[in-house]
Amino acid sequence: MGTPALSIDQLPITFRGTVAPSEIDEMGHMNVRYYVHKAGQAAGHLFNMIGMGPDRRKRLGLIHAPLDHHVRFLKESHLAMPINARSGIVAIAPDCLRIYTEVLHATSGAVSATFTGDYVLTHGLHGERTNFPKDVLAAAEQYKCALPDYGAPRGINLPQPTVIPNWQQAEALGLAEISRLEVGTDKIAADGAVRPEYFIGTISDGIPAFLSTIDIDRAARLNDGVGGAALEYRLFYFRRPEAGELTITRSGFIEVGNKTFLHGHWIFDQNGKPLAATAAIAVTFDLKARKSLPMPPEMRAAYEERVVPGFAV
Amino acid sequence: MLPTFRSFVNTWNIDEMGHMNVQFYVSSFSSALAHLSDMLGHGLIEARDQGAALTARTDQIVYAREMRLAVNFMVDSAVIGVADDHLTVLHKMINLDQDEMAASCLSEIVMRDTTSDTDRPLPAGVIERANQLLEDPDPQAMPRPQGHTPAHIPRNLETARKLGMTENCRDLVQADQLDAFGRMQSRHSMGCYSDGASIMWRHVGLLQNPEETGVGGAVVQTHMTYHSHARLGQTFAIYGGFWKAGSASVTSAQWILDTVTGKPITCADTVAVMFDTNARKACPLTNEDRAKFEAKKLKFEDIS
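Protein chains in written order, with this note's numbering: chain A, 1 to 313; chain B, 1001 to 1304.
Only chain A is shown next, with the shape it has when bound in the complex (with noise of 0.2 Å):
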């Protein structure tokens, strides 16, 4: 890679809103499905801005989507606080763009978390992948910057999967079913697939019920204000299901740390075949104080007893 055009206070802005009520979960902060919204936003000015809009799409007949993500999330997100988010591009090929954007608290101007995700373009949803236009691949050239440090890998550092999700293994493996819903049309994107923060989303909702089945008191904790939060997560997407579609999660511990535990999901589609594969680092999570928790000893030592040997993302 050559010398970064832009330093990362020098990226354009690809995003501006306000955390809606309708996107404050049970931990009384932004879930993580509407991080991935924003930025998949993000990504879309980014790509009007070196010349390949929604216009020139259309008339191409091409589609943009991301491969992957790796989010780091750095600081809560609250209600009605003015969000921002702005992107660069951190490595350019042919037929691939790395995108790097973080979402920022405007007015503070913190970084609450950030993203980076290869992008490409198809022909069509089911078509093939094509190389970007050279005039596109020189104006890339003009947003391109350094992955800053609060950027990069911290637990999870997976620059491609290491195993490919199959039902079979995940029988045997006995990896629990922590969600099983249908795509509906309200989760579709202009192009016709599942938009990505579909799979967090899908993590997301079936997360508690996967620590139910190990810590049975979670109702009684979060009444008293302990929660959980994630801070790392990493997302490859293999096929984008349409509306309609079925989708299963499968889900085990990886392991299990002093603070943080990794957890591990597989998305299969209605015929088991692999839709998506996740790999999260979270941590418990003071809902008053509004900081990260030690785990309690009785916890971890729970958490590790279901650690899944051989089960990887």
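It is worth saying that the hints were derived from the structure and are not from the lab.
Quick reminder that beta carbons are idealized off the backbone N, C-alpha and C, glycines included.
Treat the hints with care, since some could be wrong.
Partner residues are not named here, just some residues of chain B that face chain A (Cβ under 8 Å, in silico) [what the hints assert, rightly or not]:
| hint | residue |
| --- | --- |
| 1 | G1043 |
| 2 | L1044 |
| 3 | D1176 |
With the hints as your guide, set chain B onto chain A.
Below, chain B without anything else, positioned relative to chain A:
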């Protein structure tokens, strides 16, 4: 029973009563049917290929327990009856945190043409698979008998006006309300009923100020009949009124009607209670409440 849905109660599923809104029970049962359809060998691909999907003709939904924020839940489903033209399916929603039944849905499932909304005979393969899955109903999940609008009452705009039904909602079908076949999802019918219910309560002079009193309306049981399916941009209106008051519950009729043709899209008879959001329990009806219902109730006997 077979596991057909598994999810979580999010903040955006909670309504002003502090519990999961009825429309999300319906959407869970609809998704459960999608999973069951796949198990019956007639999933999305077959439905698209044949232009017909397994579709609920009726849903009888029992709301047994409130579902509060951050509850984990699942739906188990069973085929409990097989006929040439329909299956009888029972869904049971289970609150996994409390390990108790939260709701159930008894459905008549037909093979409905996704363009014309006409019903077709069930394919032999579906009948064969359904017979393999056939099981006895879980008695806990079966709905109790409830009152219905008499069968001879025509469900249309003309009758709604003759009966003096109130107009509770007027809207059009939006793109994100459609299912995979371009039909308005049943969840949104229930959502419209839920939104429109306060108009009916106020029409009879009750629940005028739920925010101040802490007393609102809560649905106990609903019988939905899907006559047709609204499509994108179709305009509709909901008409309704109460027609029976018991010691603790009231029964209403609500009809979603096409505003152009006046024909029915979905009709529902619903049993509801007045619900104290502080005590989290139903309030009995007083004689004064009942008198208000009597004064404004729909009089089916006036319709020949």
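Subject >> List of violated hint numbers, smallest to largest >> reply: Failing hints: none at all.
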